[in-house]
Amino acid sequence: MATDTSSRFDGDELRFGLGLDDPRRLLRGAAGVVGFVVVWHLASLTQPAYVLPSPTAVGDAFAEELASGTMTTALWSSVRHWLPGTIAGTGLGVAAGVAFSWSGLLDDVTAPLVRTLRPVPPLALIGFAIAWFGINDAGAAFIIAVGAFWINYYAAYEAVEGVSEDLLDVGRTLGVRDDLDMVRSIVLPASLPGILTGVRTGLGRCWMLVVASEIFGVPGVGREILRASNNLLVDKVIAYILVLSLMYLLVDVAFRAVQRRVLVWRA
Amino acid sequence: MAGVNEGPMSADDRTGGTTGESGVAVDGVGKTYDGDGSPVRALDDVSFGVDGGEFVCLVGPSGCGKTTIFRVIAGLTDATDGEVRLAGAPVTGPTTDMGVVFQEYHLFPWLTVEENVGFGLERSDRSESERAGRVDEMLELVGLSEFRESYPKSLSGGMKQRVAIARALAVDPELLLMDEPFGAVDAQTREMLQRELLDVWASTGKTVLFVTHDVAEAVTLADRIVVMAAEPGRVAEVVDVDVDRPRERGDPAFGEHVARVRELIGARP
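Chains as they are written, first to last, in the working numbering: chain A, 298 to 564; chain B, 493 to 761.
Isolated chain B, as found in the complex:
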C-alpha cells in the first residue's frame, strides 16, 4: 500500500487532522462508557493524523483516555462517535494492517519465540517457505535469532518486548501501534529499546503511533507529539519535535520540548 515507503520525514500534514490515503486519520472520535447510571465521557472529539512513515507519540496525564484511544484505533473497542481510518479505509475491527504492541508484551507463553513471531503469518496466505523466511528476517531485525527456540518464560522483559515487536511487524502491517510498550522495563533497557525501535523504524519505514506517559520518551522518539488532556479525554495540542536525531537529553532543544509538553499536560482545566 501507499505510504509505507515514503520515509520518516515525509510528514506533509503537520497540523494534524485527517490525512489522505496513507497513514492514520482519527476523526472526531468520542467514547462514552455507561458508568453505573451516569455515563462517563472518556474521549471527546479526538482528531489527529499520522502520516505514512511518520513517528507520532501520544502523551497525556493518566486518565486522559490514552489506552481508550489506542484500543479504538486498534479496532478492539468501538468508538461512540467519529471514526478511525487507516490508509483511507474505516477501521471496523482488529486488522492485520496494524501491528499492535502492548505494555505487558502478552506473548503466547506456550509458543517458542519463533512460533510467537510466526503466529500472524500462519493466518496469512504466504507459503511456508515465505513465512519461515519472514520469521528469520524479523528475529534478525530484533536480534533474537539465537533465542528462537526459547519459551518466553526464559526471556527478560526487554527481550520479550522485542519478540512482541517482531511478532507485530511479521505480518508487514502499515502501522505499528504501541501502548506504553517500554513501561514495564527498567530505565536502561528502555533507552536501549528506544534506540532499537528508531532503527527498526528507519529500516522498515513503518508508520508508528506510540502511546506513552513518559514525556522524555516521546521527545526522544517522535516527529510529532499529540498531547492529550483529561476529563474528558481530548487533544490539547500537537507539538512538532524539530530536533535532529539521534536526540540527546542534554541538548537544550530537547529540554525545551520536554518543558513545553510538560506544561501542556500540567495546564489542565
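Same shape as in the complex, but just chain A:
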C-alpha cells in the first residue's frame, strides 16, 4: 500500500522529467516542439533575419560553428569556469547554510551580513571579479560561484530549519551527544532532499550566469552570444543559446539520476 504510492513518484513522474519512459508524454512533448518550430518558421518569414532568423538559418549557424571548432572551443572555455565556480559556490553555500542554520550563535552573528549581501546581484560584483582575480577563468568563476552560493545557502538553511525536532530527540535518546555527531548523523541526511533541490536549481542558474560572467571579456559561450548580438547575428545568438540549453539539460538529467539514487529511501 505504502509502496504503491512511493513507486509512482519514484518511477514515471521523476524518471527524466521529459517523460522518456512514458510514450504518451514523449509524444505530446515532441508535438509541442514541432508546433513551436512551425510557428517560429512562419513568423520568421515575415521578419528580416536580424530580427528573427528562420529555424533552418539557426540550424545552419549551429552546424557552421560546430564544424569550425569555434563552438567546442567556446564551450570548453565556459566549462573551465562554470565547473569550478559551480563547485565552489555550491560547496560553500551548502556548508554555510547548514552551519548558520544549525548554530544559533553563527546565525545571530551572520544574519545582518547575510541580509545585506543577499540582494547584491552577481553582475554587480564584476568590478571585484576583475580586481581580485583578473579577466580570466577565475574571475568568471567568481561571478558564477556567487550566484550558486546564495541559492545553495538558502536551500540548505531552510532544509536544516525544517529538520524535525522529533528526530533530533530520538537521536538524543539514542546517545547522540555532540553537535558534530548530530549534524552528520541526523541533520544532514534529514535535510538532504532540500539541499539537493537547491543544488539542482543552482546548477541551472549557473549556466545562466555563464553569459553574465563572460560580459567583461572572458572567452566562452556567453562571450560568443554577446559578440554575435553586437553584430546582429541573431542566428548565431540562438545557436549558442541552444548550446547553453543543451548543457543545462544534460547536467540536469545527470543530476536527477544521481539525486534519485541518493534519495532512494524517500517516500
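Please keep in mind that the hints were generated in silico from the structure rather than gathered at the bench.
Glycine included, every Cβ here is placed at the ideal spot set by N, Cα and C.
If you want the ones that stay clear, here's a sample from chain B, every Cβ over 12 Å from chain A, calculated:
| hint | residue |
| --- | --- |
| 1 | G555 |
| 2 | T572 |
| 3 | A579 |
| 4 | P582 |
| 5 | S619 |
| 6 | L633 |
| 7 | S637 |
| 8 | R640 |
| 9 | G675 |
| 10 | H705 |
| 11 | V730 |
| 12 | V735 |
| 13 | R741 |
| 14 | P744 |
Now the stretches of chain A that chain B is said to cover, found in silico as 3 or more residues with beta-carbon under 8 Å:
| hint | stretch |
| --- | --- |
| 15 | 457-465 |
| 16 | 483-497 |
| 17 | 555-564 |
Ranges between beta-carbon positions, derived for each pair:
| hint | chain 1 | residue 1 | chain 2 | residue 2 | range |
| --- | --- | --- | --- | --- | --- |
| 18 | B | S637 | A | R412 | 51 to 57 Å |
| 19 | B | D691 | A | V550 | 49 to 55 Å |
| 20 | B | E638 | A | R557 | 21 to 27 Å |
| 21 | B | E622 | A | F552 | 39 to 45 Å |
Keeping the supplied structure of chain A fixed, place chain B upon it in accordance with the hints.
Just chain B now, with coordinates in the frame of chain A:
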C-alpha cells in the same frame, strides 16, 4: 544494573512514590511554562515510582501533562521542580539507559530497518560483531528479520512501531519509556502490538512506563496504572491491576478496572 532481572511481578512498592535502587522514581516533579505573561502550571508535584521489571501505565485526560511528564522522565524537558531518578541516579538529560518510543515512530527514513535498530549501538562501546549480533537479536524479537534491508517508507504503521521498539531496546536500556506508541495504528494492529509488547516485556524483563489515553489499553497491559488529573497535571490515584494475564476484555474484573479508572479520570475538579 540491578532491577532488570527481577521479573515482572516483583513490585514491592505498590503505593507509588520513590523506589530504591532499581526502577524509576518521579519525585515531586513540577513544570511551569511561561505562557504569554501568565505562567502555565503544566505539572504539579507529580510523584510515583516504577519498580524494576514492573509495567506501569500512565493515563489521564488530554491536557493533563502526560506528554510533559514523559519528556521530563526522558530527560528531553527540564522540570521546574523535583527530580526523576533512574536506578537511584538523577536524570539530567537524555540517556541511553532509557529506550524511548514515540507515538509517531520517528524512524530515520534514510536508514534501513537494520540501520535504524543499530543507530544507538553505533554510539556504544560494543564491538562490531557484538552490534551485528544485537541487531539480529532485536529484529528476531520483533519479527522483522526479513525486512532488515527495507526502508521505513515501505513498512506499515505497525511494522514501523516494531522497528522503533527494537531500536529503543537495542542499547539494552533499563527502562522502556513509551508515549502513546500504538495511538497511530488501527485497532486490530494495536491489539497485536499490545500482545507482542507483553511478550517482549516478559522475555526481556525490562521496566516499562507506558503513556496512553486509552484506559482499556492500560488495563490490558499494566501492573499498576498511574491516573493523572488535569489543571494542573497531577497524580489523581494509582490503581493496581490485579487481573491475571493474558487479560480478556470480556472478563468482569477487566471491566471493573476500566470503569474504576474511567471514573477517576472523569472525576475532575
